[in-house]
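Chemist: Take the sequences, apply the hints, and build the full model.
Whatever position you read off the sequence shown (first residue = 1), add 14 for the numbering used here.
Mixed in with the good hints, there may be bad ones.
Derived DSSO-like pairs: lysine-lysine, alpha-carbon spacing no greater than 27 Å straight-line [to be verified]: (1) K38 with K86; (2) K38 with K94; (3) K86 with K18; (4) K71 with K38; (5) K71 with K18; (6) K86 with K71; (7) K86 with K24; (8) K24 with K38; (9) K24 with K71; (10) K18 with K38.
So the derived label-pair ranges between C-beta atoms look like this [what the hints assert, rightly or not]: (11) E64 with K38: 25 to 31 Å; (12) E49 with N21: 25 to 31 Å; (13) K24 with E58: 28 to 34 Å; (14) N20 with G77: 27 to 33 Å; (15) E78 with K38: 25 to 31 Å; (16) D31 with G77: 18 to 24 Å; (17) E40 with K18: 26 to 32 Å; (18) K86 with K18: 17 to 23 Å; (19) K38 with G77: 29 to 35 Å; (20) G77 with H53: 14 to 20 Å.
What the hints contain is simulated information worked out from the structure, not anything from laboratory work. All residues carry an ideal CB built from backbone N, CA and C; glycine is no exception.
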Amino acid sequence: MRIKQNNRIKYPGMIQDFLDELTKNEFTYFQLSCENEVHSFYNENDSTVEFNEDYLKETDDEGEIFFLYYSKISSIVLSKNAKKEEDDELDSFNDDDWTGNRIQF
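Modeler: Here it is, written out as structure tokens:
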């Protein structure tokens, strides 16, 4: 995964904190929780995630595009652990893991 951010943009607080950690830490995946959905982004994917002023845009290797507005995001998890199963996506937002392998925003 390639991450594109514009250093001239002032991102909302949670997004800026997340980007600061994302750029300085090795990660396996991150998940964004919004409304009733969890969106997962894996480091091993061949995609580009671009952080714009009001939204993020992911473009995969087949040209599929996904947009998500920052205002819809309620929490973010950045993980160094191995890829999780789909059934565990919502569990990644609980507060049980204090090992340092996961950062929650």
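Chemist: Now tell me, hint by hint, if it's right for this structure.
Modeler: Hint by hint, here is what the structure shows:
no., hint, result
1, K38 with K86, "25 Å, holds"
2, K38 with K94, "12 Å, holds"
3, K86 with K18, "20 Å, holds"
4, K71 with K38, "21 Å, holds"
5, K71 with K18, "10 Å, holds"
6, K86 with K71, "14 Å, holds"
7, K86 with K24, "18 Å, holds"
8, K24 with K38, "18 Å, holds"
9, K24 with K71, "17 Å, holds"
10, K18 with K38, "14 Å, holds"
11, E64 with K38: 25 to 31 Å, "19 Å, violated"
12, E49 with N21: 25 to 31 Å, "30 Å, holds"
13, K24 with E58: 28 to 34 Å, "31 Å, holds"
14, N20 with G77: 27 to 33 Å, "22 Å, violated"
15, E78 with K38: 25 to 31 Å, "29 Å, holds"
16, D31 with G77: 18 to 24 Å, "31 Å, violated"
17, E40 with K18: 26 to 32 Å, "18 Å, violated"
18, K86 with K18: 17 to 23 Å, "20 Å, holds"
19, K38 with G77: 29 to 35 Å, "30 Å, holds"
20, G77 with H53: 14 to 20 Å, "18 Å, holds"
Taken one by one, the earlier hints fail for this structure at numbers 11, 14, 16 and 17, listed in ascending order.
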